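Mind docking chain B on chain C? Use the hints.
Chains as they are written, first to last, in the working numbering: chain C, -7 to 598; chain B, 58 to 420.
Because the hints were derived from the structure by calculation, they are not lab data. Hints are not guaranteed to be accurate.
Unchecked claim - Straight-line Cα separation of at most 20 Å, PhoX-like style, residue types lysine-lysine; simulated pairs:
| # | chain 1 | residue 1 | chain 2 | residue 2 |
| --- | --- | --- | --- | --- |
| 1 | B | LYS296 | C | LYS29 |
| 2 | C | LYS29 | B | LYS285 |
| 3 | B | LYS350 | C | LYS36 |
| 4 | C | LYS417 | C | LYS391 |
| 5 | B | LYS185 | C | LYS41 |
| 6 | C | LYS191 | C | LYS232 |
| 7 | C | LYS7 | B | LYS184 |
| 8 | C | LYS7 | B | LYS234 |
| 9 | B | LYS350 | C | LYS11 |
| 10 | B | LYS185 | C | LYS11 |
| 11 | B | LYS185 | C | LYS36 |
| 12 | C | LYS7 | B | LYS296 |
| 13 | C | LYS41 | B | LYS285 |
To be verified - If you want the footprint, here are the derived chain B segments under chain C, 3+ residues with CB under 8 Å:
| # | segment |
| --- | --- |
| 14 | 233 to 246 |
| 15 | 376 to 385 |
Keep in mind that this is a model prediction, so the values were computed, not measured. Using N, Cα and C, we set each Cβ at its ideal position, and we do this for glycine too.
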Amino acid sequence: MNHHKIYEDLSLIAKRARKTLIVFFMLFIFLILYFWKIQVLDHKQYWEKSENNRIREVIIPPQRGLIRARNNTILARNIGSYKVSIIRENCEDFEDSLQNIAVLLNLEIEELRERIDKYRSLPLFRPIIIKDNLTLQEVSRIEARRLEMPELLLQSEPKREYPYGTFASHVLGYLQEISPTELQTEVYRQRRPGDLVGKTGIEKQYEDRLLGTEGELLEVVNSLGRVMGKVSEVKPIPGKTVWLTLDVELQQIAEEILEGREGAVIVMDPKSGGVLAWASFPNFDPNKFINRFTPEEWIDLRDNPNFPLQNRAIRGLYPPGSVFKLTMGLAALQSRTITERTSFFCSGVVQIYRQPRHCWYEPGHGRLTLVSAIKNSCNIFFYQTGRLMEIDTIAHYGKMLGLGVKTGIDIPGESEGLLPTREWKKTARKEPWYPGDTISVAIGQGPMIVTPLQVAVHTSVIANRGRMVDPYLVESRRNGLEGPVENRSPSSNNYVSIDPNHFEVVIEGSWMAVNDGGTAAAARVPGFDVCGKTGSTQTIGREAAERLAEQNIEVRKTHSWFTGFAPKENPRVVVTILIEYGGGGGETAAPLSKKLFERFKEIYVR
Amino acid sequence: MLDRTQIGNIDWVLIGLLILNSAIGVAVIYSSSQHLPGDYHLKQMFWIIVSLIALFVFLSIDYNSLVTYSFPFYLICLVILVGILFFGVFISGAKSWIRLPFFQIQPSEICKITVILLLAQVFSGFKKAYLTWGKAVFSGAVIGLPIVLVGLQPDLGTALSYVPIFLGVLILAGLNKKIVIVFLILAVLLGIAGWSFLFKDYQKDRLTTLVFPSKDPLGAGYQIMQSKIAVGSGGFLGKGYMKGSQSQLRFLPARHTDFIFSVIGEEFGFVGVVLVLLCYFLLILRLFQSVFKARDRTGVYIVFAVVMMLACQFLINVMMTIGLFPIAGIPLPFLSYGGSSLLTNYLAVSLVVNVRMRRFVNV
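Isolated chain C, as found in the complex (with noise of 0.2 Å):
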């Protein structure tokens, strides 16, 4: 009874216990009789398939999907290729294999080596690529030697290939193997260690869609590594193909135009967005590197100082020079700092905060109104305009157009650009704005920079007289897409704020300058009605070139700009040129812009 009173009840809950004990020896005793099954009574079986086969998993590489322009012409596609992989766990020797692939195939023992070291995490039995894109010779020879060297594995894969070579590189992008640090990442969790990715471009940009589904097979291997035969497969489903909005003539154009020299030119319809041509110089070729291995022509191209790889037309950043008198003018008008008629004096230099400021045209324009100030690119009537205006007036106007904030264009990487405010040279450069600093913005210089495609969709939303675009490169009905891609079509209807009759007089202006003898004059297209506007952006301080000329260093030239569009009614076309160190806006970009609105004339103009 005492027992009782130290100690509480607990037979309930052991009882409990017990029928839970038994329960665990009755799956015990199954599992011993399930093993019997397995290991005794169809132990001949499981015997015949570890003895005499072995299955393998092969990876079927699914088909990339193909990339076309507007007319179907295939910018990227397949062919097929070798490559070879080893199989570590068919090795006899590990040492002597990697030995004899060296020969073999003709590779440096320790690269090798090294290649094999950067997988060593994955198991044994799955391949790791030692080499892709074999020639035939190479080919021929691991298939002879099949059966001595059951470690190597011959596959077929489908390789990119981009039949124009350059053509179109920075809109394309390219393929590399997916690194290490990607893998790890939600987005390439479905990948595998030397997948090939698309690295920029409309290659990483629609990568999903591209990729396609893998497939898989599974196939009885002899221990010789011999094929026996197939357990089943999975087909591949290859990708879907994307339809760029390019021209390929306009686009060639293009090219042939920056040939020799550095700049970026975009061609656009101001309507919907799409961009006709895209060309970033230099340029290079992406056939070059779709490898796995590093190949000196990608270390070349990486270290070039001449930034082949960089995507000008997105991530040059430039002042916007000359070609920011469009949006002085628009931003003015609106803001009620002028009018139409408000006229200022240009003698060629006047004196604004105790500073001698030039105009370009030193014997000075006279007279001037906003619409032949834009003409003449009169630098003094925009610096009088400016310092009657606030800074941030004139970067909220700015950005309204386009300038300094991402268009939001569908491929990667893309640069915000600058416009400058008092907020940020107080975060920035921690000193206040100076009202000598709004003179310098005033005509497009100063802290203040933009990217080629900015200014080309700024050009964009005048020519349509304020309604606003964003620029695409994969038109979203054409290729089956949802989502925000689908906004940018014609009935898109958000306008800017600001009055459409101040378009008009900046457009005036701009036609002026093309056709009626301004500082655009050589863009000028008979019957076309071009307007335009250039630019010509000191690259680097009046004083420093002052300095460098006293010293006999040769000063380089300024970038040369030229946006416009055509015709001045019902506008269908935006170019956008800019030569890095091209010299005047008028002299380099607006006599090639020339070329684009007249092929653009004859394509589409009947």
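Relative to the frame of chain C, chain B by itself:
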């Protein structure tokens, strides 16, 4: 702290069985990883020693004191599990690891100990004949939080290994039909939710493969097939230690961790399988005896929860290697390679020894 009677009451038989099972593990790890770089058997031995020391250190604290402080421990574990979702390291597809200077640990394993202690506290004064709603819901929450957090990592296997602990507690407290039905419905709902939102494709693959093996002969089915071939080809006597078997097993990923029992089946045959099952059963039987020796309700709950955790993990893992359970990523306790799970299981056994050695009330 400790007195001589208590030390005299340490269950040396149990500890002996524990070491025996661990030693079998080291031998098989050595065989199955001989072609892999990394000296897994040495690392495993190191962890066994560390875990043994931890086991004895842990014994010095009365389990009732551990239970008293179980709630704060539990909270700390939850905080770590939340933190790991943000700062953890990805290893084989799940964010379940904390990287320390020399090794990594998996907090989701260690957390099971605090769950066992907390549940024992919840039921220590529970004397009703059948489970009540209050207790059922509360203990469901105690176990549900870590399951969800671990499931989010997403480490389905480890999350699943919490369930037997809960099941054990419910069995002891007395299941009544209503509660069983409600929990089953909840589990199904959770399963559907998990299927739609939480599970990754590879986890779905594994489940569908079990139910419809012909649907996916690739992927998950491939592992089960290779494992069965390995076990079946072992025959009655096996192919011999470290002999000839490798060609099959090299097809099998995780053969020194989750699929270690396939290696045993292939190399030691049916005889080996029965012997290892026997060793294991003896271990579980010995653990079970402590259920009947415990002096109080808390002790019974602790011991039973530990037994459920270990026995179910063992059974699930073994069934997994012969295709009777989906490949859930649950290691074989004491035999599979892996420091965190080894340490956790040793600490769990330590709790059982603790209960048994303090079975006499000092009046």
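Worksheet entry | Structure-inconsistent hints, enumerated in ascending order | 3, 5, 11, 12, 14
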